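Participant: Listed below, chain by chain, are the residues.
Number of protein chains: 6
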Amino acid sequence: MLRLKSPGHDRFFQSPTLEATFGGAELNVATSLSNLGLNAAYVTALPENEVAEAVIGELKRFGVDTDFIKRQGERLGTYYLEAGASLRPSRVIYDRAHSSLCEANKGDFNWREIFEGAAWFHTTGITPAISQSAADLTLDAMETAQEMGLTVSLDLNYRGKLWKYGKDVTDVMPELVKHADIMIAGREDCQKCLGVDVDVPTIEDISSLDHFGALSEKMLDVYPNLNIVAITLRQSISSDYHRWSSCLRDNDGFYSTDIFEVNNIVDRVGAGDGFAAGLIYGLNNYDNNKKALDFAVCCAAS
Amino acid sequence: MLRLKSPGHDRFFQSPTLEATFGGAELNVATSLSNLGLNAAYVTALPENEVAEAVIGELKRFGVDTDFIKRQGERLGTYYLEAGASLRPSRVIYDRAHSSLCEANKGDFNWREIFEGAAWFHTTGITPAISQSAADLTLDAMETAQEMGLTVSLDLNYRGKLWKYGKDVTDVMPELVKHADIMIAGREDCQKCLGVDVDVPTIEDISSLDHFGALSEKMLDVYPNLNIVAITLRQSISSDYHRWSSCLRDNDGFYSTDIFEVNNIVDRVGAGDGFAAGLIYGLNNYDNNKKALDFAVCCAAS
Amino acid sequence: MLRLKSPGHDRFFQSPTLEATFGGAELNVATSLSNLGLNAAYVTALPENEVAEAVIGELKRFGVDTDFIKRQGERLGTYYLEAGASLRPSRVIYDRAHSSLCEANKGDFNWREIFEGAAWFHTTGITPAISQSAADLTLDAMETAQEMGLTVSLDLNYRGKLWKYGKDVTDVMPELVKHADIMIAGREDCQKCLGVDVDVPTIEDISSLDHFGALSEKMLDVYPNLNIVAITLRQSISSDYHRWSSCLRDNDGFYSTDIFEVNNIVDRVGAGDGFAAGLIYGLNNYDNNKKALDFAVCCAAS
Amino acid sequence: MLRLKSPGHDRFFQSPTLEATFGGAELNVATSLSNLGLNAAYVTALPENEVAEAVIGELKRFGVDTDFIKRQGERLGTYYLEAGASLRPSRVIYDRAHSSLCEANKGDFNWREIFEGAAWFHTTGITPAISQSAADLTLDAMETAQEMGLTVSLDLNYRGKLWKYGKDVTDVMPELVKHADIMIAGREDCQKCLGVDVDVPTIEDISSLDHFGALSEKMLDVYPNLNIVAITLRQSISSDYHRWSSCLRDNDGFYSTDIFEVNNIVDRVGAGDGFAAGLIYGLNNYDNNKKALDFAVCCAAS
Amino acid sequence: MLRLKSPGHDRFFQSPTLEATFGGAELNVATSLSNLGLNAAYVTALPENEVAEAVIGELKRFGVDTDFIKRQGERLGTYYLEAGASLRPSRVIYDRAHSSLCEANKGDFNWREIFEGAAWFHTTGITPAISQSAADLTLDAMETAQEMGLTVSLDLNYRGKLWKYGKDVTDVMPELVKHADIMIAGREDCQKCLGVDVDVPTIEDISSLDHFGALSEKMLDVYPNLNIVAITLRQSISSDYHRWSSCLRDNDGFYSTDIFEVNNIVDRVGAGDGFAAGLIYGLNNYDNNKKALDFAVCCAAS
Amino acid sequence: MLRLKSPGHDRFFQSPTLEATFGGAELNVATSLSNLGLNAAYVTALPENEVAEAVIGELKRFGVDTDFIKRQGERLGTYYLEAGASLRPSRVIYDRAHSSLCEANKGDFNWREIFEGAAWFHTTGITPAISQSAADLTLDAMETAQEMGLTVSLDLNYRGKLWKYGKDVTDVMPELVKHADIMIAGREDCQKCLGVDVDVPTIEDISSLDHFGALSEKMLDVYPNLNIVAITLRQSISSDYHRWSSCLRDNDGFYSTDIFEVNNIVDRVGAGDGFAAGLIYGLNNYDNNKKALDFAVCCAAS
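Chains as they are written, first to last, in numbering that gives the first Met the number 0: chain A, 0 to 301; chain B, 0 to 301; chain C, 0 to 301; chain D, 0 to 301; chain E, 0 to 301; chain F, 0 to 301.
With the rest of the complex left out, here is chain A (with noise of 0.2 Å):
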């Protein structure tokens, strides 16, 4: 996607300047993995015009794999993004209707081409939430990817302002859960995604980690095709203070992290997304969870 940035903590088109930057949930892992080391490849659908390219350009920069990337469709999609400051927040105005990728189909894309030789794909809650198109690819894909031996791997990453086409994201989500190994959700995202009914602190005071003790083994106890499944703790004090930690629970037993205090953000999108690279990336090269879990976390608050 392409993100439209009022600059500093200016309001929108308070100025006539827009950073233009290239972001997306994917595109973040994606990018953060290559940065990390590993070969990783980003798979989507872009029009065929020059924004696109810069987008291509842009991963090819970060040595992302873009081989796989459809060119077909309409339009690249876009937001608008204000940064808060002090008490007021961050706005984001979403413009991604007919996007390419909202728009593609389950057969635009050769699974069983794309995943050959790989061993990990990761996906999130987002593409299936745009169109039911992008729900029935995402779904393929996961099978496929699960077939064929991969990791499979989830970020929940629940936006009320998507899932607009018409089905409810209880109706989605669970289905794609069952086709994942590890599953990494925020602390609300369960009961929103999943519609379980495991109380967690409304108040989001992340220093009491018992009940996602409970929310996490309750995961695996449904879906026992999860291995893993990671919690990220996240307490907005400010627009740009925050403290972050996280919880991760797979067949041995459950572990946390520190709290990390994380003050002068520049930029709280996609410290989510470098939580899931991290993990990807620590579960490939640690030898324990609990070790994967801590550079995730670090890679979150950096």
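Hint data in this document are derived by calculation from the structure and do not stem from the laboratory.
Each hint should be verified, as a subset may be incorrect.
Intra- or inter-copy, both count: the list cannot distinguish identical chains.
Lysine to any residue pairs mimicking SDA-like chemistry, simulated, CA-CA at most 25 Å apart [unchecked claim]: (1) LYS163 with GLU49; (2) LYS69 with ASN34; (3) LYS290 with ASP180; (4) LYS163 with GLU52.
Small disclaimer: the values here were computed from a predicted structure and weren't measured.
The hints should help you fit chains B, C, D, E and F onto chain A, whose structure is shown.
Facilitator: Only chains B, C, D, E and F this time, still in chain A's reference frame:
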């Protein structure tokens, strides 16, 4: 429309900055007329978001009446612009599919109410080029304006990159011209839009106007509803050096202006809109059409 | 006024760029009220030049009525601003001598005409601080407003750097307060402007409000014309971390708000004006004054 | 003076940024002379604030002696500049009323002390144009310089927008010319400032210099105190394409330079000041006046 | 190399901003070839730091293979650029002493491995100009390429400011030319680099090409290993208006292109590199050398 | 040195812009002293190019005497800076090898002439860290200054990334300290530079100063030539939130300052130089060393 332009002569995304301004043929004419001291209202459809509010704020800044703008639909039409340099031409990427205006329907605007108390309606060939419903809308507006006794001006403004919804330009524009009093056209617009076969020099040599005399005469014959045909003549020497001239035929005769050398062009988009605004202003304020034409070409070249 | 600010935290003229925006206490209030959805007109004097036209365009962008602005005099008041950092305080250089407003005279504005159909008049202690004629003008406006039955609000807004034309602030402000219904004041404004000797804590500890209860009570005694006294309380922890609170006394009682921690302040100038606008909005739209006060302090802190 | 310019070819306040630099005819000459390696001091009045300190710092950066600058008065003269484009001319808004120099008086500068050890005094027709006291000050300086044996050069520099304090330019400038050794003038300056009725071509065709030969001869007759009359000839083809030439008459003859085509003009303000500095440098360093003139026109065109 | 340029036409350090881009003759050719769709690898030495990583990222963005870049040495060569305006010429300050490439040695690159599977090697006269070891390296590469059957092209690219390590250009370049198949030269490069005494017009009038016919013929005689000699002809009318042409001699004849007027030059550095890339592309893709030459001069002028 | 910094918190080359300023420990001290009103000269070696001239211009702007700067050598030392954010630390890339100062020799500066009429010489441990010749030069300067009766201050300023020319810091600095009257050191500088084994807390808790009392006492014992040892104490809470304190021992006692909370740090580089300048100013202007120390720490924190 939102116009996103690379700074200076930069290529697309060479730097992470875009200059964001608002434009579009009819908007430019409305703003110019307001700057010239006339009361102008701008009628369009815009989505319910802050980007659209910025458009409206900008119109208000110039004193344009925005009360008739409908807030509906999904998005604001957008285009990307890269300014040419030397032999490298300027480039435009349209991202206007599914814009609010594109998807607006005939019934969305109550033209009788909108035209209440107005004396002039100006529109262009760009709106009917983007969708069938926008073409229907334009015809409806022109018919109503004509019935209510407004002067109706139409700038043919042919853009080959548009007209993708199935209809050919010659299926649509001749019918619209029948509801206009004043037609503005570029050198090739009459051939392209109206299928007229009068010969005009293929090499853009604006020094000889004989052909344009014949062309405009033919137009008044074919479309007897027209009182005035004004033709803009632009010769592009290089990306920032043009020559501008124009001619006009009314029922009394054929007039032409001097040729203006226009170098150091800051922004070529919009010169034709300046011409249209200048002509409308001139026809309302000067006692003869030759004077109005001279004023119009000065507005185009400033 | 034209505000010329060094970019970011730069010292004056460290780079050859200045950020030019338009401000001033009354202008900020008018703009905020218009943003909140009220009909607001801004009355001032501005010179006949393009700088002034830019101010007017900016007001129009926000929907503020500019029809009563007089175009006369030599210049627009200007000030230079350098944002502080760490222990280095912000700096302001005023260049507002001989501004159009400064040299405007009582007869220049026909208040009866201006107030026709209006319900509220808001002014501040800044205008009477710049010249004798501006003070006379302010008194004339307040008297007329009162006679015509408008609600009159006055923000004392004491600025020691102004008040250079010979009169002491205490010679002028008490008379003005006599023509107001609502008075807004900062912690020390009452002492400075009105010579009141009630003790308020010298250390800016906004947690204890007892003194302000006494202070506001005394104000209602001394100025029986006042219905409401609102006091803003700001504690400056550092150049970009403040604490904000406020209290209000009306004939029914004394109310105070929570304390808001406001960090990452983008631009501290204008928080007081946001309070005034919020209070005016709240008093017009909420059924009790406590609610209006809560709304006002939120506007100040956003 | 502080010069506040819109970026590039932007209209005033099109973006919220202004480029702030320091200029003014005499300041430009002082800076240029210092750059050329001569010892130059700049004498003016500036207020006691940080804006003025920035001017002084900038002068020091170029090695100009700032010891004789008086710190007094209210403000620094300011002007706003918008660069033209195509047929749109550049625009200047002066905001120099009540500047420190404008309100400085004859007694404020001890010229005997200032000129101690100096060999040359250069001034222009801009200072006497802003106020009676500044005109008196200029005359006082020129008289003292002459008495002390300095060479005195005066650039007529006629600006019609100034001269608003009651005196006509022809009431003031002839008296000043009587105290100069060298006079620099643009094509029309002699007629405008000195009321000379020699005919010069109204169309700015700088290719024929005959008229200027006659004009300069007449000047030496009328003002026998003058040793040199230098005339700058500038033909403006477009806002960024000029032609420059010049001629000079001394007691030995009449000389002229080649015509220089000057395109891609970054900033036209200051070319005349470059000419003056080049001439002063040339007259001090070359053995004949023709060579000095050639050097001067090169400085103007660079 | 890192290129640090003052913004627009600013003088060095007039503002505290520099535009940082990466360039250099061979890098420009590699990037252009990759843009044109050929597989290109760029071979150089770069230090182990983030500045070098940014160069590599930028190359990757354009699809250039960076696998053969050696990470060694102390620094990246840098140069400062100030764009000229009117009569003021552009200025370059080289800061490339002790760069990684400058201090690289013959043994540092295994050319046999690098050239494995390649069809073409292009180099320029800039590398041998910076140090003895870089000259040795270049010769080694050319010899190996020739032995392995690659086509070898050499752009003489004479820069007088370089060549400071003790050797004269004529001591080094003739030997290199003996190992090339295709030589590219500017008007004076043959005289300067190869000591050829054929007369070429001293005034840069590119309209007459006879001399260049003779010059190129002589080159094929003296260096029978050459198949093609291409000469670029550039006439600088002003700092942003050039005229470009070129001619080429092969064993079948002598060809020349039209003259292109190139105004509004955004950045003149790199036009020659565009020519070289265009020629390499053309010779690989077109069936005759004249067509390749036409393509090359268009690339130079775009 | 030239400092090239990414804008705001951008990563290196994230955008194509660098902020170019001039810095370096001794330059910062000279500029600060001049700002405080003392006469300061800056002595260094700079190449003969426009980059160096910009440094000199900048020094002159602040009134620093630049007459003793030698123009010799190849290049100006450069470093690249990227400001940290949250947990991401700031990064510095040095590119100062082969700078003019680095390659200057003892005989290049005539210290007797330079120190003529001077009262104070300040230098730092950075210069002796860059090359053997620079270390020799520093010793020569300190010896001469001592002989001529100047007060000599030395800021140890240990930077581990430098010291690459073969000598260990402890081979060089102790000898230099023997020629100083006043030594300034950070918490660990004494251990690192002088090999002192007094224990200081490894966790940077600046609240307890006992260890520093012992450390400074030992310094006066070991180096009886020293009259004053000043220690700066900085605790880095986050990349833009520090705590600052300092202590000082002279022959009469041990003093310490309050702790200053310094948040919203615009630019942390240079705080230590501000301390040094403040201390020198204070020792010259206040009647006791405690007062000088208080002033110094305020300068550091502003």
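Participant: It remains to establish, for every hint, whether it holds in the given structure.
Facilitator: Now for the hints, and whether the structure bears them out:
1. For the homomeric pair LYS163 and GLU49, the shortest alpha-carbon distance between copies (20 Å) is at most 25 Å, but the shortest distance inside one copy (29 Å) is not.
2. Proximity of LYS69 to ASN34 under the C-alpha cut-off of 25 Å is found in both arrangements, the shortest distances being 23 Å within a copy and 19 Å between copies.
3. Taking the shortest alpha-carbon separations for LYS290 and ASP180, only the intra-copy value of 19 Å comes in at or below 25 Å, while the best inter-copy value is 52 Å.
4. Proximity of LYS163 to GLU52 under the C-alpha cut-off of 25 Å is restricted to the inter-copy arrangement: shortest distance 23 Å between copies versus 29 Å within a copy.
Hint compliance for this structure: no hint is broken.
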